[in-house]
Amino acid sequence: MSARTDLRVRVVAATAAAAVVIGAFWPRRPPPAPSAVIDAGATMSADAEAGAAAVARAGDPGDDDAGAPRTIDVKAPRNLRIEPPPEVRSARPIEADWNDAQNVQFLTPDEFACKAHIVREWLRVACTGREERPFFTAARSGSLVAGDPAEVSIDADKETSSIVLTFPVRRGDRRVLQIEFQGGGYGGSFDQATPALTISEAWLDGEPAPAIVASPPLI
Amino acid sequence: MQRRSFHRRAALSAGVLAWLTAAAAGTGGCHASGDPPGAREGASSGDAGDGAAPAVETDPALDGSPAADAGADGDAGDAGAAPVAIQGGSIVRAGDSLILADEDQRVLRIVPVPGPKPKVVKSDGGAKLAQREVPLPGRPANVAALGERIFVTIRDPGLLVVLRPDEAQGAVEVARVDLPADAWGLTITSDAKTALVTSAWTHKLTAVDVGAARPRWSIDLPREPRGIAVHAERAVAYVSHLTSSAISRVDAIDGEHPSARMIALPPSPLRDPSASPLDGSLGYSLALSPDGSRLFAPRHALGAVGDQSWFGASALDVLLTAKDEPLAPPRVTKQVSAKLNDDESTFDRITTRSSGALSIAMLTPFVQPRAIAYRRSKDTLLVVGEGSATVSEHEALALDPSLALRRRYDLDCDGASGIALSADENTGYVYCRASHEIAVVDLGNGRSADGPRRHRVADDPLPELAALGRRIFHDARTPAISGGLACAGCHPEGRDDGHVWREIETRRAAFPIPSGVEPRVFVGGPDVVGAQGMARQTPMLAGRVRAEGPFGWHAENPDLQSRVEEGIHLHRWNAAPRDPTFTTKAAAALAAFLRAGLVPPPREVRPLTDQEERGRAIFTSREAQCSFCHTPENDYTDRATHPLRPWTSPGFDPDEAPFRAPSLLFASGSAPYYHDGSEPSLDALVSHNEDRMGKTKQLSPADKKALVAFLRTL
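Chains B and E, in that order, give the protein sequences. Counting from 1, one number per residue, gives the positions in the first sequence under the numbering used here. Counting from 1001, one number per residue, gives the positions in the second sequence under the numbering used here.
Think of the hints as simulated: they come from the structure by calculation, not from any bench.
Here are the simulated distance ranges between beta carbons:
| # | chain 1 | residue 1 | chain 2 | residue 2 | range |
| --- | --- | --- | --- | --- | --- |
| 1 | B | D205 | E | K1697 | 52 to 58 angstroms |
| 2 | E | S1274 | B | G206 | 29 to 35 angstroms |
| 3 | B | E151 | E | S1274 | 23 to 29 angstroms |
| 4 | E | K1334 | B | D205 | 21 to 27 angstroms |
| 5 | B | D205 | E | H1554 | 52 to 58 angstroms |
| 6 | E | G1255 | B | D205 | 25 to 31 angstroms |
In silico DSSO-like links for lysine-lysine, alpha-carbon gap of 27 angstroms or less:
| # | chain 1 | residue 1 | chain 2 | residue 2 |
| --- | --- | --- | --- | --- |
| 7 | E | K1339 | B | K115 |
| 8 | B | K158 | B | K115 |
| 9 | B | K158 | E | K1334 |
| 10 | E | K1323 | E | K1378 |
| 11 | E | K1378 | B | K115 |
| 12 | E | K1339 | B | K158 |
| 13 | E | K1705 | E | K1695 |
By construction, the Cβ of each residue, glycine as well, lies at the ideal position given by its N, Cα and C atoms.
Sequences are here, hints too, so could you generate the full structure?
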């Protein structure tokens, strides 16, 4: 008898801090400001008050947002509980199956326009790449970063202008996928400064349920 | 049984807490900071110079006390959870007090836990927090609180000092245990019977019988062991290292005959562009999940690709303890991907070997990880970033938690080194060693939180310029100086990361480098920019920078300040600051700190053995010629350049200019050797030297051993 446990989809919040990653390329989201800004001409040697903070900020051109230490934006994570996937291998769902699939809300739709659905043990994540999306929230590519590629499909659906990841969630899995968005450099979170949604899926032997952690872009 | 144990822990904690709170708040005859006569007068631990350890006796209060802690703080814990080891740190909480190990001023500081809305205290003044200051017999590294006892590791001399509360003096020493020098990491097992201590420079792990206050065993480990995590059920200790990614596993820690072996844990495999595992560094800390199934290792992945890949990437790697295997799978080699736009002119799938423009922006989730705490109430990990001055919170369940960033808190202090949590885990207290502050972080409860608040706890004992240099040395937030990784990122504590970096000419990169990048820069690995670069093994600085000059691999810099200034240019990837004198000013402060603030490793003072004497005679002989260039009266270097005989460094660009003879001080602890790290040990270096440096080809095996023995004493 297969274990019937909840599938947890943990959502990891994006942070404004990550804006720094791409700040150099995209001025709309400046890097988080240091708490003190001293002109580059500030005297360093005798100014203990300014301290390293002064020196540290002095040569950083363009920072003009002095202020108190800050906490980076927080978006409460959601732990969603849905029907757990059966531990019986099933065939890849056909398109009609997805039409009736259970919705798994895991990202803020108005930010990233991503949707997820589950059919039996199969999970599908789709993010739209429509050009009307704000920069950095329009998907443009998807890739498998690590783990078994068997039965993983990554499709560019040009009809709906979406990147679609489909993969089974089974005991023994350890897999990382990403959907890359427009903007920044290239290569996704695991390479350079491209913002990317990363999905970490692991179902370890001895653990009652898989852990799926979706991390929105660090922007 | 577990629940009863938990309640007893809480009761013991409350007793300590009452004392600490009263003491630190100035009640009961206690004293504010800056004038703690009670703490200074007659404290047995305070007579640092006398060297006389008090009589060691079995202390009933130490014997068999159950764990009083759960993780980094003093009394947090949830009933029903398995007891966990007590993790030492540079800051711990014991009830309503915080205890800080102030390494720079050789004292413990006992501070009342700041209130929920503390006043922001600027570093230039204002009253320091009321506190008790307890002198110690040496520089403390980490502290742990257990029942009515405080345990402190002392670096030089190597000691574990045990103190008890004392109303008049703050705390008094009740036991002192001799340990291998440079005692650093500290963990007390969940049964409270054993304290485990790493000795960094002397690379040991020692078990101390807490009840008897004596060492039970000591075992040799690879270089720079630091963090300790104990798996109670298996009687296993895991130890991290500052200079490698591998983890030491020590079995049978509850017995008399432990055994050690290395466990491979490649850093950041998802960001590894190569087929072989990356180097890792900065393994200061470890944490276990409450059930012991996952071991979390924050460190630095050298050569990884990422947001600022010149220096690599921050890593938070997970070891599955059931089989001691990495949780994250290796990166795929065969691309499985799809893209919406087939126009290669607008979408060029970039491989890691020809990656796109390097970001010069500043972000990784954390930089220079120093400490980690498992937040059980949220199943998250809190990582203290020294260089980024942050606490970042990560999902513990992710395959690579460094990518699963949940929240990040900017501390705006310098040299963040440790974290303690409140009992409800909703507040973090971070010790910022370089700015001598405590930052209070409202971790909230899944909601927006106020920004951190800082409290000054001490003045910097260094002269003003050197104190400024100390803060710069640890700060990675300034593109104009650090380029995302501070000096301490490669020279932790002024020592070295054991890594061979690459100095490349940016014009030789495999793709166009953005304008404004320095013409010569460092990278952590060849795949970062598709160029090999010249080999640059990180040199140790502490104790080796007294000379006027010259400095540099080829003696190209006449003095230390000019070398530091050139180093600033080499270690960043961005345009020069607006003020052209900025770098010079920073270099002056850094040079002052390197000389006045870095503490050389401990050195055993004793007569040479016969073998070492034999080695010294060989070293100074006209036949071997070692001392011709490594002159003993000048820190074992003539500071001149000497051509190396035909030399190849596979995997690196040739560097044929003559090299400056390096100082041999502290050579025993700075492997690997040569600029390309091609010799892993002094034995190997001497064995393979032939007549490459001086003339050692003629030496017998016994003489070579003697020479190595002498080199180890320097």
